[in-house]
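The listed protein sequences derive, respectively, from chains A, B, C, D, E and F. Read left to right, the first sequence gives residues 62 to 399 (my numbering). Read left to right, the second sequence gives residues 62 to 399 (my numbering). Read left to right, the third sequence gives residues 62 to 399 (my numbering). Read left to right, the fourth sequence gives residues 62 to 399 (my numbering). Read left to right, the fifth sequence gives residues 62 to 399 (my numbering). Read left to right, the sixth sequence gives residues 62 to 399 (my numbering).
Among the hints, a few may not be true.
Same chains, same names: a pair is fine if it fits in one copy or spans any two.
[Said to hold, decoys possible] Here are the simulated DSSO-like pairs of lysine-lysine, each with C-alpha atoms no more than 30 angstroms apart in a straight line: (1) Lys149 / Lys292; (2) Lys221 / Lys115; (3) Lys122 / Lys149; (4) Lys268 / Lys123; (5) Lys381 / Lys84; (6) Lys292 / Lys122; (7) Lys174 / Lys115; (8) Lys123 / Lys84; (9) Lys221 / Lys181; (10) Lys109 / Lys122; (11) Lys268 / Lys292; (12) Lys124 / Lys221.
I should point out that these hints are in silico values taken from the structure, not numbers from a laboratory. Source: prediction; values computed, not measured.
Protein chains: 6
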Amino acid sequence: MARPVTLFTGQWADLPLEQLLDKVVEFGYDGVELACWGDHFDVSEAMKDPNYCKNRWEMIKKKGLGVWTISTHLVGQAVCDNIDLRHKSILPPQIWGNGDPEGVRKRAAEEVKNTARAAKRLAEAVGHEIRVVGFTGSSIWHLVYSFPPVTPEMIDAGYKDFADRWNPILDVFDEEGVKYGLEVHPTEIAFDIASAQSAVDALGGRKAFGFNYDPSHFGYQGVDYVEFIKKFGDRIYHVHMKDVYWSPVPKQAGVFGGHISFGDFRRYWDFRSLGRGNIDFEEIIRALNSIGYQGPLSVEWEDSGMDREHGAAEACEFVKALDFTPAAGAFDAAFARE
Amino acid sequence: MARPVTLFTGQWADLPLEQLLDKVVEFGYDGVELACWGDHFDVSEAMKDPNYCKNRWEMIKKKGLGVWTISTHLVGQAVCDNIDLRHKSILPPQIWGNGDPEGVRKRAAEEVKNTARAAKRLAEAVGHEIRVVGFTGSSIWHLVYSFPPVTPEMIDAGYKDFADRWNPILDVFDEEGVKYGLEVHPTEIAFDIASAQSAVDALGGRKAFGFNYDPSHFGYQGVDYVEFIKKFGDRIYHVHMKDVYWSPVPKQAGVFGGHISFGDFRRYWDFRSLGRGNIDFEEIIRALNSIGYQGPLSVEWEDSGMDREHGAAEACEFVKALDFTPAAGAFDAAFARE
Amino acid sequence: MARPVTLFTGQWADLPLEQLLDKVVEFGYDGVELACWGDHFDVSEAMKDPNYCKNRWEMIKKKGLGVWTISTHLVGQAVCDNIDLRHKSILPPQIWGNGDPEGVRKRAAEEVKNTARAAKRLAEAVGHEIRVVGFTGSSIWHLVYSFPPVTPEMIDAGYKDFADRWNPILDVFDEEGVKYGLEVHPTEIAFDIASAQSAVDALGGRKAFGFNYDPSHFGYQGVDYVEFIKKFGDRIYHVHMKDVYWSPVPKQAGVFGGHISFGDFRRYWDFRSLGRGNIDFEEIIRALNSIGYQGPLSVEWEDSGMDREHGAAEACEFVKALDFTPAAGAFDAAFARE
Amino acid sequence: MARPVTLFTGQWADLPLEQLLDKVVEFGYDGVELACWGDHFDVSEAMKDPNYCKNRWEMIKKKGLGVWTISTHLVGQAVCDNIDLRHKSILPPQIWGNGDPEGVRKRAAEEVKNTARAAKRLAEAVGHEIRVVGFTGSSIWHLVYSFPPVTPEMIDAGYKDFADRWNPILDVFDEEGVKYGLEVHPTEIAFDIASAQSAVDALGGRKAFGFNYDPSHFGYQGVDYVEFIKKFGDRIYHVHMKDVYWSPVPKQAGVFGGHISFGDFRRYWDFRSLGRGNIDFEEIIRALNSIGYQGPLSVEWEDSGMDREHGAAEACEFVKALDFTPAAGAFDAAFARE
Amino acid sequence: MARPVTLFTGQWADLPLEQLLDKVVEFGYDGVELACWGDHFDVSEAMKDPNYCKNRWEMIKKKGLGVWTISTHLVGQAVCDNIDLRHKSILPPQIWGNGDPEGVRKRAAEEVKNTARAAKRLAEAVGHEIRVVGFTGSSIWHLVYSFPPVTPEMIDAGYKDFADRWNPILDVFDEEGVKYGLEVHPTEIAFDIASAQSAVDALGGRKAFGFNYDPSHFGYQGVDYVEFIKKFGDRIYHVHMKDVYWSPVPKQAGVFGGHISFGDFRRYWDFRSLGRGNIDFEEIIRALNSIGYQGPLSVEWEDSGMDREHGAAEACEFVKALDFTPAAGAFDAAFARE
Amino acid sequence: MARPVTLFTGQWADLPLEQLLDKVVEFGYDGVELACWGDHFDVSEAMKDPNYCKNRWEMIKKKGLGVWTISTHLVGQAVCDNIDLRHKSILPPQIWGNGDPEGVRKRAAEEVKNTARAAKRLAEAVGHEIRVVGFTGSSIWHLVYSFPPVTPEMIDAGYKDFADRWNPILDVFDEEGVKYGLEVHPTEIAFDIASAQSAVDALGGRKAFGFNYDPSHFGYQGVDYVEFIKKFGDRIYHVHMKDVYWSPVPKQAGVFGGHISFGDFRRYWDFRSLGRGNIDFEEIIRALNSIGYQGPLSVEWEDSGMDREHGAAEACEFVKALDFTPAAGAFDAAFARE
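Could you build all of it, start to finish, from the sequences and the hints given here?
Following this line, the structure appears as structure tokens:
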């Protein structure tokens, strides 16, 4: 209704985009949020080939779909992280290079700058603004519990590192007129409201930086995901619709996860297909209406217990039944209209 | 009643033991759990001076108090940790040395072995078993959220490192006939039921290794702290009575803590004086009765909002009102006794 | 299924009836509850023009819709109220007149009598009973919190005033064989179960007076809206299906509303589109079945955050999925039928 | 999707099977669970007439339906029960005979043996395994509250009686290669997890005996119906989808039922049409997926307040929307697939 | 304060009364409720020895204690029960006799008549009314779940049997001016509000019959124990203070108890020392105040996990801290008193 | 401990102050909050008699008590109210005069000015600051539910009236250096957080005006009483400790009270003796500590079901057990202190 419902393609990167788009149409979506991995959206190609963005857009448009966002979660992660072997598996070879941490971080930063430039080119092809969303990484995530005692200075240093690395990137976003939305998430510089505020403060509040709102990373932690929208209303640059379950009773592995896998019955929480978790999307829609958010509702589908095609279809239906157009005026008045 | 109520001296290490013991008596406790820092219990002295343990015990006995446990949280932490500057502030200079990580870990391991030896000496002075409790550190705590994707092999390597470092230590415990109780806690090799099981498995289930049960680290995570007692009934080597509050509604900083300090109103959870948090101690007492635990109930008092002397006194009263002697026989039968 | 689902036209009085009826059909409803304002149902015309009711009915019937109820909330309100300028905006000019309070109340009372007469005429055109529902006003609503201390005599006087003003009106209802259903609601003589009982008692239990049941005014107050049905089973003359939300956590403005508008995020409660609030309609349907209520389920749609056309359509679908035919016999028996 | 959705015909035994099958098709089901009463499935005929099973199957297949299970609740009940006049109304005349308790029990046992034989014949006609589900009765149900004091010996005697009577029956099931699923239920030898374990133990864990899982008998009692699946994962031989409501607040008649009928508003609990009670079917589906259950989801429809045809149709739709195919692999991995 | 706090001696019948009374004083009670078993109160002696009651009273008075009630739970149970071997263990030999069921029931009935007579004699010695409380048994308890289908006639027959057996007993109570209070309890003719109403109705509402209110038998069943007081306000002849725990989460054995013992961790519910269960005694005290109950609050102490002497003392303290004198007048008025 | 615990004398105005003070000592309080009615504190006398304040203070001091606050709820109420006969019963004759509304309001305003002057005189006698707390009345309370529709202009007019009447009064408070604390309460210009903010805004934020914080008026309404403290931390001029109960389940009369009396069982909410209601005082104490509130905790005792002397004593004990001294420093640090 009110807003396009898109599918984030990141969990489908094993499929070529063209094949995926046919499924997306069949599932009932209005468009896609393109992952910058797999063959979905290739930043290097977009830099090299002046027709790349136009061709991608033609392919999408031909299916009757739209696009408003591209996603750079994997490369973005490497910008601030303490790099180790885990990163090799999520980065393109040319960014991993020889794996020296500072080199990886710098190459990742350059790639995110190019992602802004590519977004601008895609925007020109599509004819409206394209936003970039993704991760930032963090040099201080491992200090998540304060023992041995963590000093305020150590935390401050982490935010300064973040600012030092991202300000030059955001300069390119400003040049291109593109906005960056961090998906607030564990392992990132921001993972709740308090740390999101610290991140905004570290950047001096510059407007190129905002958020890819995703409630699934807040609910199980005990973070007020509706308050997030109200507090950062003018920085909600994109929205992920993703559900998460947490148990009404305590379990064998809690929020920290017990070093066990998603889908294990001993866990306190797990991602779930939309409508089968605990997130109260009704309040989210009302809060998004209250801040005037008009962008896509992008389904990031993840459920370790369900067939993904079954899930992607039901999730689309769920979001379309939930979303609604805000009222034109207040209602009480109407009662007495004559 | 049923069990001695002791005060863990770790949070009072700024006071000399003798001065603290007078307060302990005044607060109403039956004894102390001695921290191996401050001047409370000095492992090096216990190794050097054959009268040290006897003298400590005389001082305690003279006040009418008892002792059943010594605690090596700070040094134990360094055995498996990825060492950084935070550890300097919690370690004695001779263990920190020049701060080279592997050297620190090895010196810490030797100190924990000596702690077992010292516990044996103290036991001889006191005339009953003395247990050692504390931390272990962990080389994999920073992998607490699985992104970038963490492989099972990375987790397994962490448990293997733990076993490699602690098995030689536990050999000394076995030689001395002393038991080690890990306080299951974030930043340690075990922080919930699932990871505690993994730790036990990594050591092949050897009996020198068990737990210093402390519900305050489980409740806010969503871990079933009563189930912990039933599952590890024969490895509950010591018990901390410590309370924790978590909010009935979501907050700005969740379980991961938002990189903000204890006592900040934006937090979802915080430690609290006993009886003022959410832990259901009634169920804990009944579970401890069911496994036949007869050791001390040791108050680890921590509440960033309350004067500690006020708190230590009310906590002692709280535990004494709560604890009770189990029944001799079942009760229904009695109804019809004639 | 079991019962017709109607739309109350009061919130749509800005649209001419004919235009509205087309929408009503499109939304999926079985009929309408006609507001006696806008051009929906004009009591004066019904009194003057002998064909008015027949013409209205023809218009409705032609669309394939039904009608069982007409509503006089606005004029009814003026019968007992302490009149002030607010009433001018909800009353027709001829009833407001010069605005002298007692004159307004008397003219309103005469109009409600005529509404009974008009209902009878409409019933003759339609071929089945038509009920009148609406408000009563109250001279004691402003005494809602008992400070400065309110005496029982002051309350009794309010109920006596109510009886004195409504008994003559109800005499006309009895003459015409029409029933009046008060919508129990804040600002009326009855706003919960206790005050509804007092209102019934004040009228000596006469049967012309009953209720237009609407759970949305009870739930947020903490009033047992299912109990209401069981207690007043033989006086449930009509049913409004209207949902309301109240917060699981306290807010800045509570039940009394903080003198702020509907739709403000600081409020504890707000009306919502059916199925998006807290009312448990399942229990309501079962209770209505238990008292044998066979009349319409009339959607009074109000949600200050949603486009009303979107809402009216989803509300109709919601009620139709919810409602069901009662069982013919008990079920356990069937198991063993042979 | 993943599993066939069937209707248990026990509550429809007043209708001839052929007539019922047409309704079953119309309601949307994939098949039936055949009651061994009414004319639905006649064990005596199946023993006598070599074409009976083939004919039944032809009738079912012609409607496009399937069958996986036959049900012997009524006769099975008589095997262990203390027989009284209530049993006369649920048993065929030839099994009731002259009503002498031990004779009734023996004749019922023989009939259940024949039911295994008949299941085998039906399986041959259909071409896949047919399971038998039903009740067992119990000689100790009346000892449900331990006053006057019940001794462990009295309980043990009840389980021994159960084993003595059912082992010979299960020998026939083993001979025929058929499995028996007890519907764990009040009045049976097993009515919760603890008594189900006792029943399994009494039979030495033989595999011919398992369960017809039905959550509706557990939820209102306070029994963990999801844990049941995990604990008895390899003995879940069949699944009933049946919902039950229990009140969030205390009532006039509690779990023991106050000797009043289903459907009485004073009751704490009652069976309800699927989706209108309290059972969390989402967790059930996930638990069934985790144990690899591939059999039918059989709707046992019972709701004393609703028309059964309305209910059977909505229940089928509910189960089909709920059920889903499990995931092929874990999901986190997919995020980084390239 | 407002009411005497007594200890019910039934669970202490292994101790001679004199020895028990010393403990009762030490625990802090104001008096005792005397069990008619052990040597506490012997009905036969009271009938034979004209000084028996006087002597008992002297013994109690000398300790500074009071008595208001005698209890005949064990013999009362046999009046309506289907007698089996369990009853032998709870009955005196002269009542059990040869164990023929009807003979046992008749002898039990005679003994309850004598209990009324003995109560009258004790009342004369003490100088105020003495009430008798206890059980009634039931011929229909085993029909607690309606399968095989139970007919209304079977239930009616059970209540008629109750009336036939108890009316002659209550005639003696009326002659002696003594009241009988049934402890509403599973296995009795009444076990919740609905069945209590049926019992009152079966006796035509005669006033000799009322209730020994005990919330512990209601809470875990889901029965509204505060409503019980309001509904039967004029029949609350005595009050037991007894607590019960039921789990916030489902367990392996539910309300029906899984044929396992009290104290087993798998149970959903268990009796607990006062203040350690779930009963909301605050609401009970307010309800008792509202009906003007002035009798004793009698602690029936039962907790299978706690030493009974520890428990009896803490229970007395709990009740004394809880109970309070009602207000003389309403409070709002006072605010403005001048 | 940390703060004096006082008793507000308003509910005891039927007793002469001297007699009351003896009780206050016996109940265990540290001081009193003096009502400006009864003979407790007479503003006229304080204006006339230069020794009055000194004498009052001598009387209080002699009992070993303190005083920090005087209360003008009754006269304050008349300043903005729409005056009717209810006010006659709460006002001194000289302020009621002939009862003409505007005259009453003006005389009340003058009396509140004198109360500031009297507070200053009492402060000089006592030797520390004395604050005035009380009500303000409201000309718009009767508009509490917005039907007939209330316009923003009507609400604004109410706040303007409040400012016009209270600014001149507050000028006197400023002259005298005394602060006024409004008890936010239904029937006042402020009754929740939203309306309290409006009141502060209406006065331009002048510091002479703040709040007498009382959680009992917020909790049952659904207003966040802990948030109130944080939001208005620098305007919490005084604190009432008063408890209120609200039902976990809906009732016959909701928050609006059904025009029935306090103490009626049909009500959803009622005031209760401290510790017997629903207010979470633990969070209040922590919030008061966080804003550095050092003033008295003043018990306003009200419970329509309890004897007031019983209640006043238990309330004092409750508050003293609850209150605590804040921590000097954060606690985590202490763990590692050496």
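Legend entry - Violations among the numbered hints: 1, 2, 3, 4, 6, 12
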